[in-house]
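Protein chains in written order, with my numbering: chain P, 3 to 519; chain C, -9 to 119.
Since the hints were made in silico from the structure, they are not lab data. Ideal Cβ placement from N, Cα and C applies to all residues, glycine included. Wrong hints could be hidden among the right ones.
To be verified - Every beta carbon over 12 Å from chain C, so not counted as near; a handful from chain P, in silico: (1) Arg138; (2) Leu175; (3) Ala193; (4) Gln204; (5) Ala277; (6) Asn282; (7) Leu293; (8) Gly354; (9) Leu369; (10) Tyr373; (11) Pro396.
As the list claims (entries may be wrong) - Okay, derived cross-link-like pairs now, DSS-like style, lysine-lysine, Cα gap no bigger than 25 Å in a straight line: (12) Lys381(P) <-> Lys(-8)(C); (13) Lys475(P) <-> Lys425(P); (14) Lys379(P) <-> Lys475(P); (15) Lys206(P) <-> Lys343(P); (16) Lys343(P) <-> Lys100(C); (17) Lys110(C) <-> Lys379(P); (18) Lys110(C) <-> Lys100(C); (19) Lys379(P) <-> Lys343(P); (20) Lys265(P) <-> Lys494(P).
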Amino acid sequence: MGLLMLLHLAFFRYNPAQRANRYFAFYAGCLSLGAVGFYYSSRLPFPTLGLSLSFVGVAFALVGLSGLWTVRALYALFGFRPGRLYRGLWIICPGLIAVSVLLLQSGEGFLAFLAAVLLATAEQLRLVFRALRERRRGARIIGVGFGVALLTLLLIVGLLLAGTPAPSWLNMLSFVLSFLPPALGISLFLAREFALDSQLLQVKLGEVERLSAQTIAQEQEKQALLESQNETLETQVRERTGELQRSLTDLRTTQAQLTQAEKLASLGELTAGIAHEIQNPLNFVNNFAELSVELLTELQEEQARPAAARDAGLEDELLADLTQNLTKIAHHGRRADSIVKGMLEHSRAGTGERVPTDAARLADEYLRLSYHGLRAKDKSFNADFAAEAAPGLPPVPAQAQELGRVLLNLFNNAFYAVQQRQKAQEPGYRPRVSVRTARSADGRRLEIRVQDNGTGMNEAVRQKIFQPFFTTKPTGEGTGLGLSLSFDIITKGHGGTLAVESIPGQGTTFVVGLPLA
Amino acid sequence: MKILVVDDERDVQQLFEQRFRREIRSGELQFSFAFSGEEALQFLASQPSEAVLILSDINMPGMSGLELLRHIRQNHPAPAPPTVLMLTAYGDQQTRDQAQTLGASGLITKPVDFTALKEKLQQLNPPSA
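Please put together the full structure from these sequences, using the hints given.
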């Protein structure tokens, strides 16, 4: 019994959820101590009768209480809630036991003890029957234990009633059989529960291991999937990057081609202006050459006359005219020459070298070129134009042909704007484009202001005009590169500024600012 | 016949004086020169009815030849509106029509064919007259 107590205490320690173990351990403890008490009560030499009696009394009390612990253990085991009946037992049984201990010497004392044991046993049996009826787990094992105990008790009672004196071994056996089987039943059940629990745990542990293995496998699978997806993505990114690179190269090529086209287009516009500009000096060269031939013929005629009839004054006049004509031919020849040179300079790529340049003269030249270029295309077009320069302007470091391109572009735009406004046939409208070259207020820059009284532009357009490919002209008329190239030439090529002011319906002013030093 | 030539190219004066040297010497033609539209108007204002024929370039900075023509037609109706011939490098129909609408007597394209010009002047001013 002591071993059973230890065993169940151990069970309880490892599985505190099963409280029946604790109660059963109490039961086993009480019973074993009681049994030990009985055993030694007759063997130990007690000095006084009182001591011996109290020793036996304690043993009785312990054995009696063990029955109550069994009841408590059964309550816990079958999951019944201990009610009033249980609490009543705890009052009645100890009372009866106390009575039995006090009346230890008499037969009534033993009856009281028996009553207590029977009450406890009755409650135990009631619980077992209820459990059996409700088919509680373990009810059968425990039921069998109680069954054996009950049969044994009935046998003893039967023997007692029959008055047959039982042999001492039978007394011993019946005592053992009446106490041990329920205890063993409960014990077996609890042990089986424990074993089942641990088995269940084992199974659960196995399941957990299997699940975690599964999870790990899934994790690895996911990892592998991620890696392969990563690889695919990287490949795609590489491919896209390659594609982008290619389209970027294509774009650059196209842009370069467009820039070239823009250069050619501006050259085309220039050519018309140049043709007109060259036409005038050429006319003079031709006319004065023809006239000179006429003058020479006249001179020869005069010289062929008899000396008396010759008019010396006329000959001198003819010679003076001839000299003048040849001077004019030379002058207009040089004029045409400088225009051709300018044209060649314009078509040539900029050297990137900035040399001291007379910006005001350049502005004047290109203003004329632009006007005549536009005139060549639209014969009905007419506009006032004027180039002004502040006196005493210093030369500005510039790439003349590039700056010329910018100015030409600004003038072309200005004339286009006034032409557009003119088309609206506003009464009293006089198209006018002017350029004024002067030092900036702080004296550190040269400012070329190109002003027109054309259509002007709204804020939305004004913000976009320096963007490449932006144009307000109808398709095919403008490449949209003029101002963007101009902007680059002035800001990147000259470290200068290109600003614009505009009022819709009133006109636009572009200001080229070039650093003087 | 007095002729006013209007052109921004100053060498035009020498050119005309030589081309028409015989006519000038004979007193058949008299030339005056103005080098802008504004100058031409000033000349006309200071010497009313001096010129009977005006030869004007169209493309000039400032006042263009056509504007000059408009001014002449508006402000100088009397005594006799001078004949105005327009000179231009752009001898297209549009310019021709425009000049005609404004009251030009004719359009001469540059480079000037002086033989043709002389004939035209003779038609306008027969030597007999």
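Consistency of the hints with the structure:
Annotated as non-interface, Arg138(P) keeps its C-beta farther than 12 Å from every C-beta of chain C; the closest such distance is 119 Å. Annotated as non-interface, Leu175(P) keeps its C-beta farther than 12 Å from every C-beta of chain C; the closest such distance is 147 Å. The claim that Ala193(P) is not at the interface with chain C holds, since no C-beta of that chain comes within 12 Å of its own (minimum 123 Å). No Cβ of chain C approaches the Cβ of Gln204(P) within 12 Å, the least distance being about 109 Å, so the stated non-interface status holds.
Chain C draws Ala277(P) into its interface by the beta-carbon criterion, the shortest separation being 9 Å against a cut-off of 12 Å. A beta-carbon of chain C comes within 12 Å of the beta-carbon of Asn282(P); the shortest separation is about 6 Å. The Cβ of Leu293(P) sits about 5 Å from the closest Cβ of chain C, inside the 12 Å cut-off, so the non-interface label is violated. Every Cβ of chain C is farther than 12 Å from the Cβ of Gly354(P); the closest lies at roughly 34 Å, confirming the non-interface assignment.
At roughly 9 Å from the closest C-beta of chain C, the C-beta of Leu369(P) falls inside 12 Å, breaking its exclusion from the interface. Distance check for Tyr373(P) against chain C: the nearest CB is about 8 Å away, which does not clear 12 Å, and the non-interface claim fails. With a minimum CB-CB distance of about 26 Å to chain C, Pro396(P) clears the 12 Å threshold, and the non-interface call stands. A threshold of 25 Å between alpha carbons decides the hint, and for Lys381(P) with Lys(-8)(C) the separation of about 30 Å lies outside it, so the pair is violated.
About 15 Å separates the Cα atoms of Lys475(P) and Lys425(P), which keeps this hinted pair within 25 Å; it holds. Of the supplied pair hints, the one linking Lys379(P) and Lys475(P) holds, its CA atoms being roughly 16 Å apart against a limit of 25 Å. A threshold of 25 Å between alpha carbons decides the hint, and for Lys206(P) with Lys343(P) the separation of about 100 Å lies outside it, so the pair is violated. Annotation: proposed proximity of Lys343(P) to Lys100(C) holds, straight-line Cα distance about 24 Å (limit 25 Å).
Proximity of Lys110(C) to Lys379(P) is assessed by CA-CA distance (about 30 Å); at most 25 Å being required, the pair is judged violated. Distance hint between Lys110(C) and Lys100(C) is fulfilled; the C-alpha atoms sit about 15 Å from each other, no more than 25 Å. A threshold of 25 Å between alpha carbons decides the hint, and for Lys379(P) with Lys343(P) the separation of about 23 Å falls inside it, so the pair holds. For the suggested pair Lys265(P) and Lys494(P), the alpha carbons sit about 18 Å apart, so the restraint of at most 25 Å is met.
Checked against the numbered hints listed earlier, the structure breaks hints 5, 6, 7, 9, 10, 12, 15 and 17; every other hint is satisfied.
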